[in-house]
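Work out the full structure: start from the sequences and follow the hints.
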Amino acid sequence: MSVEGKAYRMAMLAVKNEADALDIVQDSMIKLATSYGQLAESGEQEQWRPLFYRILQNCIMDFHRKESRIKRWFVRSKPFANDADEEEDSSALDNLSLNVEYSPEQYLQQSQMGEQALQAVEALPVKQQQCFLLRCWEGFSVQETAQMMNIGEGSVKTHYHRALQKIQPVLNDDN
Amino acid sequence: MKKPEEIESHVKHSLDASVQGLPESVRDKLAAARHKALQAAVANKAPAGNVTGIHSKASQKQTSQWSKPVWAMAASLCVMVPLWYASQNLTGPTGQVELAALDISTTGSPLSAQSTTLSALDIMSTLAELDDEEMELLDNLEFALWLSEQEQASTHG
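If you're matching them up, the sequences are chains A and B in order.
Here the first sequence stands for residues 1 to 175, where the numbers follow the working numbering.
Here the second sequence stands for residues 1 to 157, where the numbers follow the working numbering.
Nothing false has been slipped in among the hints.
With a Cα cut of at most 27 Å, we get these calculated DSSO-like pairs of lysine-lysine:
no., chain 1, residue 1, chain 2, residue 2
1, A, Lys16, B, Lys12
2, A, Lys16, A, Lys71
3, B, Lys36, A, Lys16
4, A, Lys66, A, Lys16
5, B, Lys36, A, Lys31
6, B, Lys3, A, Lys157
Derived from the structure by calculation, the hints contain no laboratory data.
Okay, here's the thing in structure tokens:
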């Protein structure tokens, strides 16, 4: 499975827009390509995968920061959730259908693939989502995830646990 | 109630399936993005001062890394040399000195007598009281002076 495909899916889940997701993946790949030389010099070529996902997470966070800044200035709406107000985002799953806007074609495609689980992941706050995807999908350890997200290992465990708690009822209802 | 392992497996399966089912148009765009990234990497490996004459960001960063200590040393030399010179010309029992090196164009002005006759100890104590930000300002001033000299030299030359 291609890395850029996975990266695109992660970005898509985080930003919910195809063009933005493609931009993020492209930026991440360019940054990885330009940083790879340094990695090769220090003999750590095998570390390119954590580096790539770290860059990707940073690009996603940058995108959300930029979005929240624009919203703050031009639209009277709630800014992007950070660690402090992530608690308030617990209702995100309740507003699942309101948050995600799909075209009829996309909706059909998603429903055909049985993407209730993906919608649940999509509705998670960004940090929980990143943490869950890196741990569950990419299989990174707690330590690696903490390094990639630049947070403590305890925070990784907390984010992951909360993400699981939020996804669990959705999948139970699904079945 | 599903177990966490089951949830993880379910989500992972769904994610994998969603990547497998990406439309061809998106795959093409991703391939183009990869190609562009490789081009950027190749361009980044080109030596600084290449055909375009534009230095890469990396080389600029390297320059800024070594330039700071050099400028700091130059600025401190600019301060220390006049002080050393003044200390060689100590006059009188109280340690009053004439800062000949600093006496540039104040002769004849009402302040000349005061400004040219300074205590070396006063200057030393003033310098000692400078904090990091003030020292940085001093460095910046030295740099601005040097820059204006360079600009003047280039316009005359």
